[in-house]
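Trainee: Take a look at the letters that make up each chain.
2 protein chains.
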Amino acid sequence: MTASEFTSRLDAQVAFLKEADRLKSILRATPLIDGSRKENSAEHSWHVMLYALVLADQAGPEVRIDRVIRMLLLHDIVEIDAGDHPIHGNVDHAAQEAAEAAAADRLFGLLPDDQRDGFRALWDEFEAAETPDAVFAKAIDRFQSPVTNLAGNGLGWRGYDVTLEKLDARVGRPISRGAPGLWAWLRPKLAAFLGQPG
Amino acid sequence: MTASEFTSRLDAQVAFLKEADRLKSILRATPLIDGSRKENSAEHSWHVMLYALVLADQAGPEVRIDRVIRMLLLHDIVEIDAGDHPIHGNVDHAAQEAAEAAAADRLFGLLPDDQRDGFRALWDEFEAAETPDAVFAKAIDRFQSPVTNLAGNGLGWRGYDVTLEKLDARVGRPISRGAPGLWAWLRPKLAAFLGQPG
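Chains as they are written, first to last, in full-length UniProt numbering: chain A, 1 to 198; chain B, 1 to 198.
If you're looking for bench data, these hints aren't it; they were derived computationally from the structure. Certain hints may be false.
[To be verified] Restricting the straight-line Cα-Cα distance to at most 30 Å, the calculated cross-link-like pairs of lysine-lysine (DSS-like) are:
hint: 1; chain 1: A; residue 1: 166; chain 2: A; residue 2: 189
hint: 2; chain 1: A; residue 1: 18; chain 2: A; residue 2: 38
hint: 3; chain 1: A; residue 1: 166; chain 2: A; residue 2: 38
hint: 4; chain 1: A; residue 1: 38; chain 2: B; residue 2: 38
hint: 5; chain 1: B; residue 1: 18; chain 2: B; residue 2: 166
hint: 6; chain 1: B; residue 1: 18; chain 2: A; residue 2: 38
hint: 7; chain 1: A; residue 1: 38; chain 2: B; residue 2: 166
hint: 8; chain 1: B; residue 1: 38; chain 2: B; residue 2: 189
hint: 9; chain 1: A; residue 1: 189; chain 2: B; residue 2: 166
hint: 10; chain 1: B; residue 1: 18; chain 2: B; residue 2: 38
hint: 11; chain 1: B; residue 1: 189; chain 2: A; residue 2: 18
hint: 12; chain 1: B; residue 1: 38; chain 2: A; residue 2: 166
hint: 13; chain 1: A; residue 1: 189; chain 2: A; residue 2: 18
hint: 14; chain 1: B; residue 1: 166; chain 2: B; residue 2: 189
hint: 15; chain 1: A; residue 1: 189; chain 2: B; residue 2: 18
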């Protein structure tokens with residue numbers, strides 16, 4: 001690589017990293033546990049990576065936890081352009097998928113071509129939720145919010161019509177697919193909190 | 001493992017993960033690039049992990065980038081008890097080290113013993129900054145703030161007496177030790193911004 005190619009590569013990498021700063025201003029529906037404010041998608045990404053590392057023993061033997069962590073590092077970057085869509089809100093899924101794909105084109109497109117393609121492949125794998133790594137990453141991503149909401153006395157659920165039936169479908173299904181032990185642990189706590197027979 | 005041991009282990013892991021939520025309320029001296037507010041240590045941790053992944057080609061061949069990412073995932077958790085200390089502020093380093101060691105005892109001590117010991121070893125390695133992985137992790141951790149401060153027109157440096165000489169010592173030394181290409185790229189930009197001969 002010539003000095004000029006080296007500089008161009010680094011210029012592109014830093015341009016992407018500076019643009020990524022904006023993920024810190026994308027707010028999610030879930031508040032912090034202390035209720036002081038809403039969580040943003042950058043700190044959420046850090047937290048779910050920590051969940052993945054700590055809860056790695058809940059994954060099947062074929063899961064490579066460092067790949068899971070890389071997926072979770074990248075998984076929400078598209079929200080810089082496409083926004084966050086609360087799991088208990090009503091969303092036009094096709095429009096949302098199109099917006100996220102366009103966001104991935106633009107944002108990963110800031111990087112040098114080799115990294116653009118590698119990051120996009122990892123993000124596509126996460127979104128498809130078919131490989132063991134992606135299935136576990138999705139389970140972890142879904143597990144953090146209900147744990148936070150329980151710890152915060154359900155503050156993050158107010159304004160949404162949250163029932164055990166809905167949690168079973170939107171949260172329980174992806175968690176039990178990738179980390180059945182986590183769902184077995186969580187579901188009775190959700191049932192007790194919501195006052196519904198588990 | 002019996003069902004009861006399994007549940008105790010998961011209870012301890014989730015207790016740690018909930019406590020970690022508090023890192024989102026630890027504020028750093030550096031503002032977001034858009035100047036809207038100060039950065040917190042959880043979103044900073046996410047951002048430096050992204051820096052490490054994107055800038056992995058700046059590391060020496062012996063650096064294992066997934067270990068670097070794990071170090072950066074954990075590196076600031078002690079600030080929940082010990083607080084953040086701005087690099088350009090004046091700090092009693094011995095008192096700060098003692099506070100951080102006590103914080104590591106308490107916070108990693110929430111985890112099951114095997115994870116407590118593994119996480120502590122990784123954090124100690126980062127702090128010691130002797131292994132190639134730790135030296136690169138420290139370089140990346142130091143690189144993000146000046147990039148952010150330049151992009152934000154120096155907002156994060158106001159109130160501190162920042163000179164090129166101080167940046168050479170506090171930022172340049174750790175960056176050039178772990179990632180000399182990054183310092184060669186950054187230093188002329190810092191000199192130009194500060195209006196000092198580089």
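Trainee: All hints, please: hold or fail.
Mentor: Consistency of the hints with the structure:
Of the pairs offered as hints, the one joining residue 166/A and residue 189/A holds, with about 15 Å between alpha carbons and a cut-off of 30 Å not exceeded. About 23 Å separates the Cα atoms of residue 18/A and residue 38/A, which keeps this hinted pair within 30 Å; it holds. Pair hint residue 166/A plus residue 38/A holds up; C-alpha atoms about 22 Å apart against a cutoff of 30 Å. The hinted pair formed by residue 38/A and residue 38/B meets the criterion: a straight-line CA distance of about 15 Å does not exceed 30 Å.
Restraint check for residue 18/B and residue 166/B: the C-alpha separation of about 38 Å exceeds 30 Å, so the hint is violated. About 15 Å separates the Cα atoms of residue 18/B and residue 38/A, which keeps this hinted pair within 30 Å; it holds. Under the criterion of a C-alpha separation no larger than 30 Å, the hint pairing residue 38/A with residue 166/B is inconsistent with the structure, at around 37 Å. A distance of roughly 23 Å separates the Cα atoms of residue 38/B and residue 189/B; the hinted pair therefore holds under the 30 Å criterion.
For the hint pairing residue 189/A with residue 166/B, the CA-to-CA distance comes to about 53 Å; that exceeds 30 Å, so the pair is violated. Our distance criterion of 30 Å between C-alpha atoms is met by residue 18/B and residue 38/B, whose separation comes to about 23 Å. Taken as a hint, the residue 189/B and residue 18/A pair is honoured in the structure, with Cα atoms around 15 Å apart against an allowance of 30 Å. For the proposed pair residue 38/B and residue 166/A, the alpha carbon gap of about 37 Å is over 30 Å, so the pair is violated.
Proposed proximity of residue 189/A and residue 18/A is contradicted: the alpha carbons are some 40 Å apart, above 30 Å. About 15 Å separates the Cα atoms of residue 166/B and residue 189/B, which keeps this hinted pair within 30 Å; it holds. Note on residue 189/A and residue 18/B: the hinted pairing holds, with a Cα-Cα distance of about 15 Å set against a maximum of 30 Å.
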